[in-house]
Amino acid sequence: MPITDLKSKAMCDSSRYFEEKALHDLEVSDLAFIHLDRILGFQRLSNCTLYTSLHDLMNTAQASFNNNRTRIYTPLLACFAVLDQIGGAYGSKSKSTNYRGGIKIALDLFGTYTENEIEKLYALRNGLYHDGSLLSVSTNKKTNVIFRISEETTNTITHPKQEWDGIYHDDINQYITTINTKKFKNDIENIITKCTNDLLTGSLEMKINCPREFFYKFLFAKK
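Residues 1 to 223 (the UniProt record's numbering) make up the sequence shown, in order.
For the record, the hints were derived by calculation from the structure and aren't laboratory data.
Among the hints, erroneous ones may be present.
Derived DSSO-like pairs (lysine-lysine); straight-line CA-CA distance at most 30 Å [unchecked claim]: (1) K207 <-> K194; (2) K222 <-> K161; (3) K207 <-> K21; (4) K217 <-> K95; (5) K222 <-> K183.
Generate coordinates for the entire structure from the input sequences, incorporating the hints supplied.
Below, the structure is given as structure tokens:
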């Protein structure tokens, strides 16, 4: 049965479909269905149980909001890791993109962000991963951004009164871009849902053709 047939099946039927298969029987599309499972995060097979790293990353993002020691950086790092997974593993048969990096691809194909917002989010990711900074000065002079985090803003990204020119002024308030990390996490949830829907309708492109490669990258097995 092709994975698209699961679109009309109840959850118990989906579980039965997988429980009758062994790990070596699964195609990449089957593994992708398990990978994108945000609800349970695992699937029993006839010879083992598969767990998805994507589920763990999203749970990490959610749980970190409840701890003052982790609520600033951890949700962002987890969400960017999920975006990198999605952009590296999947494309779209119905929409093209000019981006090459996984994060930008995921935001462009499956999100609702503008080009400017995608560039800013990628700049934020670079600042966080390189030196833990919420500030990024572009080497190509394209996107300079100073981020601050808020859980009270209406939108995921609130743009500054004036785009930052990369100069360290005495007062930077007018140059600050604000990100609501809880809304950003919700956006990532929506991106995962979009990928799942595209998978079940046959419009999700698989960039990884080898089941073994997909398994080793994103899934874990336990007897």
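Hey, K207 versus K194, does the alpha-carbon distance stay inside 30 Å? Roughly 17 Å between the alpha carbons, so the hint for K207 and K194 holds.
So if I understand the rule, the pair passes when the alpha-carbon distance is 30 Å or less; does K222 with K161 pass? 52 Å, violated
Hint consistency between K222 and K183 [alpha-carbon to alpha-carbon, up to 30 Å]: Violated, at about 33 Å.
For K207 and K21, compute the direct alpha-carbon distance and say whether it is at most 30 Å. The hint holds at about 23 Å.
Would you mind confirming whether the straight-line C-alpha gap from K217 to K95 stays at or under 30 Å? 25 Å, holds
Checked against the numbered hints given earlier, the structure breaks hints 2, 5 and satisfies all the rest.
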